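Enquirer: Protein sequence lines correspond, in order, to chains A and B. Take 0 as the starting number for the first sequence in numbering that gives the first Met the number 0 and just add one per residue. Take 0 as the starting number for the second sequence in numbering that gives the first Met the number 0 and just add one per residue.
If you are wondering where the hints come from, they were derived from the structure by calculation, not from laboratory data. Careful, some of the hints might be misleading.
What the hints assert, rightly or not - When the alpha-carbon atoms are kept at most 27 Å apart in a straight line, the in silico DSSO-like pairs for lysine-lysine are as follows:
| no. | chain 1 | residue 1 | chain 2 | residue 2 |
| --- | --- | --- | --- | --- |
| 1 | A | Lys33 | B | Lys111 |
| 2 | A | Lys257 | B | Lys84 |
| 3 | A | Lys168 | A | Lys199 |
| 4 | A | Lys54 | A | Lys24 |
To be verified - One side only, chain A facing chain B, incomplete, derived with CB under 8 Å:
| no. | residue |
| --- | --- |
| 5 | Pro3 |
| 6 | Asp12 |
| 7 | Ala40 |
| 8 | Lys42 |
| 9 | Ser50 |
| 10 | Pro52 |
| 11 | Ala78 |
| 12 | Pro99 |
| 13 | Asn102 |
| 14 | Lys244 |
| 15 | Cys245 |
| 16 | Cys250 |
| 17 | Gln274 |
Stated by the list, open to error - Which stretches of chain B does chain A cover? Using the computed rule of at least three CB atoms under 8 Å from a CB of chain A, they are:
| no. | region |
| --- | --- |
| 18 | 73–81 |
| 19 | 116–124 |
| 20 | 169–183 |
| 21 | 225–237 |
| 22 | 330–342 |
Bear in mind the structure is a predicted one, so any value in this text is a computation, not a measurement. Ideal Cβ placement from N, Cα and C applies to all residues, glycine included.
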Amino acid sequence: MENPYLPYPVRIDDIEIATEDKSLKTFKFVFINKEDEEKFAYKAGQFAELSIPGKGEIPIGIASSPVEKGFVTFTVNRAGLVTTHLHNMKKGDVMGIRGPLGNWYPWDLLAGKNILIVGGGFAFTTLRSSIIYMLDPENRSRFGTIDVVYGARTPGMLLYKDELIEWEKRDDINMHLTIDSPAEGWAYNVGFTPPVTEEKAPKGDENTYAIVCGPPVMIKFTLPVLEKLGYTHDHIIMSLENRMKCGFGMCGRCGIGKELVCKDGPVFTLDQINQTPREY
Amino acid sequence: MEIIKINKKDWNGGLAKSRKAYRLYGPIRVADKYFSEFGALAEDEVPDMSATDTRLSPKSIAFPPSEVMLEYTLDENSEDCNIMKVPEKEYPHRAIIGIRPYDAAAYLLVKKNFDTSEVRDPYWCDAYDACTFIGLAVQEPSLLDFSTSTNSGPFDESGLDVLLVDAGDSYLAKVITDKGKAYLKAAGWGKEAGKDAAGKIEALKKKAEAKIQSSVSFDNIRQKSVMELFEADFWEDTAFACMNCGTCTYVCPTCWCFDIQDETHGKKGVRLKVWDSCMYPLFTLHTTGHNPRDAKVQRVRQRFMHKLKYFMDKYEDGIMCVGCGRCIRSCPVNIDIRNVCQLMNG
Numbered sequence: 000m001e002n003p004y005l006p007y008p009v010r011i012d013d014i015e016i017a018t019e020d021k022s023l024k025t026f027k028f029v030f031i032n033k034e035d036e037e038k039f040a041y042k043a044g045q046f047a048e049l050s051i052p053g054k055g056e057i058p059i060g061i062a063s064s065p066v067e068k069g070f071v072t073f074t075v076n077r078a079g080l081v082t083t084h085l086h087n088m089k090k091g092d093v094m095g096i097r098g099p100l101g102n103w104y105p106w107d108l109l110a111g112k113n114i115l116i117v118g119g120g121f122a123f124t125t126l127r128s129s130i131i132y133m134l135d136p137e138n139r140s141r142f143g144t145i146d147v148v149y150g151a152r153t154p155g156m157l158l159y160k161d162e163l164i165e166w167e168k169r170d171d172i173n174m175h176l177t178i179d180s181p182a183e184g185w186a187y188n189v190g191f192t193p194p195v196t197e198e199k200a201p202k203g204d205e206n207t208y209a210i211v212c213g214p215p216v217m218i219k220f221t222l223p224v225l226e227k228l229g230y231t232h233d234h235i236i237m238s239l240e241n242r243m244k245c246g247f248g249m250c251g252r253c254g255i256g257k258e259l260v261c262k263d264g265p266v267f268t269l270d271q272i273n274q275t276p277r278e279y
Numbered sequence: 000m001e002i003i004k005i006n007k008k009d010w011n012g013g014l015a016k017s018r019k020a021y022r023l024y025g026p027i028r029v030a031d032k033y034f035s036e037f038g039a040l041a042e043d044e045v046p047d048m049s050a051t052d053t054r055l056s057p058k059s060i061a062f063p064p065s066e067v068m069l070e071y072t073l074d075e076n077s078e079d080c081n082i083m084k085v086p087e088k089e090y091p092h093r094a095i096i097g098i099r100p101y102d103a104a105a106y107l108l109v110k111k112n113f114d115t116s117e118v119r120d121p122y123w124c125d126a127y128d129a130c131t132f133i134g135l136a137v138q139e140p141s142l143l144d145f146s147t148s149t150n151s152g153p154f155d156e157s158g159l160d161v162l163l164v165d166a167g168d169s170y171l172a173k174v175i176t177d178k179g180k181a182y183l184k185a186a187g188w189g190k191e192a193g194k195d196a197a198g199k200i201e202a203l204k205k206k207a208e209a210k211i212q213s214s215v216s217f218d219n220i221r222q223k224s225v226m227e228l229f230e231a232d233f234w235e236d237t238a239f240a241c242m243n244c245g246t247c248t249y250v251c252p253t254c255w256c257f258d259i260q261d262e263t264h265g266k267k268g269v270r271l272k273v274w275d276s277c278m279y280p281l282f283t284l285h286t287t288g289h290n291p292r293d294a295k296v297q298r299v300r301q302r303f304m305h306k307l308k309y310f311m312d313k314y315e316d317g318i319m320c321v322g323c324g325r326c327i328r329s330c331p332v333n334i335d336i337r338n339v340c341q342l343m344n345g
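Chain A with its partners taken away, still in its complex shape (with noise of 0.2 Å):
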C-alpha cells in the first residue's frame, strides 16, 4: 500500500481567471510521472489535497471531470496562506496533488433518474465535473432528465462561462442560468437561485434527485423550496466542507459526530447530516 500522505507530483499546464474579481482562478495540472495519472482514477464530487511544499494542503473539489483525461482542473478561491501562495505561482511550476479523496455523488444509485442540479457561486466546481460526466456520450442515456439552475451576483461570476453557454443551446439539459440583479446584455433569470429554483426545477418524486452545492445562506433557502416542491431527504444530496488536514480520516478534526467529512463524506444525503451535529 503507497503511503497515503505522499502528494503525487504535478505540473500547473495552465491556469485562467475564473472570475470577473480575479478572485478565483482555475488550474490544469499535469501527471510528472504518466502512471499518477492512472492512480489517481476519480469519480465526480470527489476532492483532493493541493500540496505545496513549504506552505501546506488544501482541500478541494475535483472541477475536471472524471472523462476528460490526461490532466486534472481545481478552481481555487484565493482566501489563506496555500491558496494565496497558489494564485501566485506561474505555469510550469511544480507541486503536488494527494488524492482523489472522500466519496462521490452515488452514481450508481442516480443512474436511471432525473437530476436537479442547484448551485450557487463558485461551489460549481464537482457539480461542473457532474454535468460534464453525465452529458458525455458514453453517459447521457444512463440518466432522466438533468436540470441545473446556476445563480451567481453578476455574469461575471458565474464560474465556466463558455461552457454554460453552450449546455444553454444544448436540448438534453434544461439550464437555469440566474444573477442577482439585471445586468446589461444577459438574456436568462434574475433573481436569487432559490425563487428561480422553485420556478424552474422539476417537481420531486421517487425518480428525481437534487444535489445542491453552495453558500450556507443559499443552502437555508434552497432547502425549503426543495421541501415544497416535494423532494425528500434521502433524494437532496449536498456535498459538505470542514477543515482538513489528511484527508483520509485519520486526522480528526472534520468530525461532524461519527462521520468524518473527509472520508465519510463530503457528499451526504440531507437525511444523513440530519442525524449528525451541525457541526460543519
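Dock chain B against chain A, hints included.
Expert: This is chain B only, laid out in the frame that chain A set:
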C-alpha cells in the same frame, strides 16, 4: 499458556542480552520529579519497574509528539525541487518493557484509526508492528484507576505480548504471543514456572481488581441517539471550569488527533505530523473565519462525545478510554471523565 519464571537477579542481565536484538523502552524516573515518563532506555539504563503510571502515556512510541513524514527541497537547481520525498526510516525491533496493561490495550483502540482496511498510516503502523509489548501487571492500582469497567483492567492481556507479574523475588512471565516468546528467548529467560503459577497469577489478578474503587457504566449511552446526547443540558455545566488547556488530550493514551505542518529551514524542509487537540479553536477553524466548534462548550462536548459515544457507534465497540485516570489526575480544574460518563449514561 506458557509461564516463565524470571528471577529478579537475572533481570538486568536478561535485559542487557536482549539489547542485541531489541531497542528497549520503559518507564524512566524523571530527575527531581515525582513522576516517570516512557522513553527509550540509554545503553546501561534499566526500566523503573516500581514506577506508577507515567505522566504522559506511552502512545508516543508509535505516535511521537512531532514526527517527520516527508521532506522536500526548494532549491531550484535540484531536479527534485518542490517534490515531496519519504525519508528513509528504520523500524528496528523495540521491546516496550513495563508498559501498563491498559496502556497497551489503548494501542488497540488507536490502531482502529491508523490501520484500516482502506488506508494505513505507515508511520504509526510500522512503528507499532516493530513493538513487542512486555507489560507489567498493576498490583497496586491508583485511586483514579477505573480500567476494570472499560473492558481493560490491571492484568489485561489484550494488547500485550508478555504479561509480567511481580511475585516478590521473581517475575512470572505469561507468554501471550509468539512475538513475546521470541523476546523472552532473546533475553535468555526460559525457565518454566511451576504448575501453580497460573493459579497464582489469577489470585493476584483478583486481588488487584478488587482494589479498584471506581468504575464507569456506558450501557445506556449505547442506546441513546447521538443527537439526544449532543443536545443534553449538562454540557454547559461540564465545560464551565475548563480552560481548554488540552492537557487531557496530551496525557491520554487513546487521543490520536494530529496536525500536519511544513517547516522550512533555508531551502530544505520537512512535513511534520504533530499532536493536535480538539480543545483548541484552531483545530476546526475555517479559512473564512467560520468555526464549527467556536465555543469552549462545543469543544469539551466533542472530546467526551468522541470518546464515549462516536467511537462506540463507529466501531460498534466499547468506549475510547481504558480507564487509566491520567486526564483526571492532570486536569487543572478537576474535570472528571467518570462523572461525565455518568451524566451521559444518565
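Enquirer: Once the shortest beta carbon distance from A:Cys245 to chain B is found, is it less than 8 Å?
Expert: holds (7 Å)
Enquirer: With 8 Å as the cut and Cβ atoms as the points, is A:Ala78 at the interface with chain B?
Expert: holds (4 Å)
Enquirer: Holds or violated: the hint that A:Pro52 contacts chain B, with Cβ atoms closer than 8 Å.
Expert: It holds, given that the least Cβ distance between A:Pro52 and chain B is near 4 Å, below 8 Å.
Enquirer: May I ask you to test the interface hint for A:Ser50 with respect to chain B, counting a Cβ-Cβ separation under 8 Å as satisfied?
Expert: holds (7 Å)
Enquirer: Between A:Lys33 and B:Lys111, is the straight-line Cα distance small enough, at 27 Å or below?
Expert: violated (34 Å)
Enquirer: If you look at each residue in the region 73–81 of chain B, do at least three have a Cβ nearer than 8 Å to any Cβ of chain A?
Expert: Contact hint for the region 73–81 of chain B vs chain A: holds, 3 residues under 8 Å.
Enquirer: Need the status of pair A:Lys168, A:Lys199: alpha-carbon distance at most 27 Å?
Expert: holds (17 Å)
Enquirer: Hint check: is the beta carbon of A:Cys250 less than 8 Å from a beta carbon of chain B?
Expert: It holds, given that the least Cβ distance between A:Cys250 and chain B is near 5 Å, below 8 Å.
Enquirer: Could you check if A:Ala40 really has its C-beta closer than 8 Å to a C-beta on chain B?
Expert: This interface hint is violated because 15 Å lies over the 8 Å limit.
Enquirer: Verify the proposed pairing of A:Lys257 with B:Lys84, using a straight-line Cα cut of 27 Å.
Expert: violated (33 Å)
Enquirer: Examine the region 330–342 of chain B: at least three residues should have C-beta closer than 8 Å to a C-beta of chain A.
Expert: violated (count 0)
Enquirer: Check whether three or more residues of the region 225–237 of chain B sit with their beta carbon closer than 8 Å to a beta carbon of chain A.
Expert: holds (count 3)
Violated hints, in rising order: 1, 2, 6, 7, 8, 12, 13, 20, 22; the structure is consistent with all others.
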